[in-house]
Amino acid sequence: MKLSWLDTTLAVLVKDLRTEARARSAVGSVLLFSVVTLTAVSYSLGGFAIDADIQASMLWIVLLFAALAGLSRGFVSETESGTVLALRLAAPPTSVYLGKFLFNLFLLGVLDLILIPLFQILLPVASANWGLLMIGLVLGSIGLAASTTLIAAIVAQAGVKGTLFTVLAFPVLVPVLVAGIGATRKAFASEPVAAAMPEIQLLVSYAGVMLAASLLLFDHVWKD
Amino acid sequence: MRSALKWLLGVATAAFIVAAFTWAPEMYRPNFATGGSDPWPTFRIVFFHVPAAWLCVIAFLVSMIWSIKVLRGYAPEKDDKAMASAQLGQVFAILALISGMLWAWRDWGALWNWDPRQSSVLILTLIYAGYFTLRSSIDDPEKRARLAGVYSILAFITVPFLIFVVPRVMHTLHPSPVIPDAQEKGSMNTDMRVVLYSGVFCYLGLFAWVMSIRTRIEAVRRRLSTR
Chain A
1 MKLSWLDTTL AVLVKDLRTE ARARSAVGSV LLFSVVTLTA VSYSLGGFAI
51 DADIQASMLW IVLLFAALAG LSRGFVSETE SGTVLALRLA APPTSVYLGK
101 FLFNLFLLGV LDLILIPLFQ ILLPVASANW GLLMIGLVLG SIGLAASTTL
151 IAAIVAQAGV KGTLFTVLAF PVLVPVLVAG IGATRKAFAS EPVAAAMPEI
201 QLLVSYAGVM LAASLLLFDH VWKD
Chain B
1 MRSALKWLLG VATAAFIVAA FTWAPEMYRP NFATGGSDPW PTFRIVFFHV
51 PAAWLCVIAF LVSMIWSIKV LRGYAPEKDD KAMASAQLGQ VFAILALISG
101 MLWAWRDWGA LWNWDPRQSS VLILTLIYAG YFTLRSSIDD PEKRARLAGV
151 YSILAFITVP FLIFVVPRVM HTLHPSPVIP DAQEKGSMNT DMRVVLYSGV
201 FCYLGLFAWV MSIRTRIEAV RRRLSTR
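Sequences listed follow chains A and B, in order.
With our numbering applied, the first sequence closes on residue 224, and no number is skipped along the way.
With our numbering applied, the second sequence closes on residue 227, and no number is skipped along the way.
Hints were generated in silico from the structure; no laboratory data involved.
Hints may be right or wrong, so weigh each one.
Here are the in silico distance ranges between beta carbons for each label pair [said to hold, decoys possible]:
hint: 1; chain 1: B; residue 1: R72; chain 2: A; residue 2: R88; range: 16 to 24 Å
hint: 2; chain 1: A; residue 1: S127; chain 2: B; residue 2: P30; range: 53 to 61 Å
hint: 3; chain 1: B; residue 1: I94; chain 2: A; residue 2: F48; range: 35 to 43 Å
hint: 4; chain 1: B; residue 1: V194; chain 2: A; residue 2: R88; range: 53 to 61 Å
hint: 5; chain 1: B; residue 1: D191; chain 2: A; residue 2: A212; range: 43 to 51 Å
hint: 6; chain 1: B; residue 1: P76; chain 2: A; residue 2: D53; range: 47 to 55 Å
hint: 7; chain 1: A; residue 1: L17; chain 2: B; residue 2: D140; range: 27 to 35 Å
Some but not every residue of chain A turned toward chain B, in silico, with C-beta under 10 Å [unchecked claim]:
hint: 8; residue: I151
hint: 9; residue: M210
hint: 10; residue: D219
hint: 11; residue: V221
Note that the structure is predicted; figures quoted are calculated from it, not measured.
Here a beta-carbon is modelled for each residue, glycine too, at the ideal position from N, C-alpha and C.
Please construct the entire structure, taking both the sequences and the accompanying hints into account.
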């Protein structure tokens, strides 16, 4: 039976989800990291009334750091457990990339679901356009996952440990950060979705371009 | 031939520098307090600032093109060119950053204003600093060329976002990156444009010259190490 790329992509995703369900390493570290960062931020701001502008920046800083802490693991774990060769044999590169991308997107989704209610408890926002906030978070998460998946693969192939992932990923993610903060700021000011069109366009085009480029480039990173 | 070109570049660059300070006409800016206009001597830094900013984008583009060639088929010379071009792009980005900061210090009131364009070029230098860090952490030349090539392409994809899109989403004091038309703020007359374009031309010549030196050095170094 010949498997289509969709089957193999889903197989890679299911494999990662199953590994995650057994070990709970990525979700655990991402969630703890985000809770710790959020606590640090809200504790150091504790008691001060802060503007919606600053709150939007804080939310994205917590999100970015939790993402950088958690998403770097995807390919390193394969190298460490010596399963890279098996994965290379079992699935075409496009499916490996897409499977890992979907898994990272899943992690970011879990992160968003936990972080937003916690944020609302610790640094409450008086009123917000929740729909716009969701659009910003979803599009931002797609952009984040698309570029960090490729960079995580580069770092794992380079065989370097330490801070290289953050050094490589952060500057590439700046457009997402700028547009994400912009959209969130407008959401916290209860502005309609139409007012945040420039940011939404930027997020959509960034996510699309990064996803397309990653799909084209991943072959070169993955082959040995 | 090569030495003749070198002399030509030297003479042209000297002429450009002199023209930027003397031949280019005086610029005036409106004074809203008096309703008239004041001479604007700090404007002349534009002839050194804008070509540097253009060249940094061009050099990063050249680096990406050589990176694509590396990915299509590895050859050490292609990788040398990708790296040399990225290094020169970094130098031009830092020059654009410094000349921009000096100008902003005089005319906007502070060295650093978190103007979207200032921050974009800063982020660009961070991206390519990451590129050099990645290169230095891989030993195998072929693997280094391949992984750095992928990162260089990914990095250049963010350039349009940083240089052209983000400053349009955020508020900026800076005029358009491409030469503004007559209606826009900071528009220039023909003589100024002649000086500006010859500046770009001289910077391009300098880029090509240093690039050729860098790649020849790398070729010699490789030959020495394999002998």
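Now for the hints, and whether the structure bears them out:
A hinted range of 16 to 24 Å for the beta carbons of B:R72 and A:R88 is consistent with their spacing of about 21 Å. Between A:S127 and B:P30, the C-beta spacing of about 42 Å breaks the proposed range 53 to 61 Å. Separation of B:I94 from A:F48 is about 38 Å and conforms to the stated range, judged on CB atoms against 35 to 43 Å. Between B:V194 and A:R88 the beta carbon distance is about 57 Å. The supplied range of 53 to 61 Å therefore holds.
As the Cβ distance of B:D191 to A:A212 is approximately 44 Å, the hint placing it in 43 to 51 Å holds. A hinted range of 47 to 55 Å for the beta carbons of B:P76 and A:D53 is consistent with their spacing of about 50 Å. At roughly 34 Å, the beta carbons of A:L17 and B:D140 sit within the given window of 27 to 35 Å. The closest approach between the C-beta of A:I151 and any C-beta of chain B is roughly 7 Å, which is under the 10 Å cut-off, so the hint is satisfied.
Interface restraint check: A:M210 against chain B, minimum CB-CB distance 7 Å, threshold 10 Å, status holds. Look at A:D219: its Cβ gets to within about 9 Å of chain B, closer than 10 Å, so that hint holds up. Annotation: A:V221 was flagged as interfacial toward chain B, and the flag holds, the nearest CB pair being 5 Å apart, inside 10 Å.
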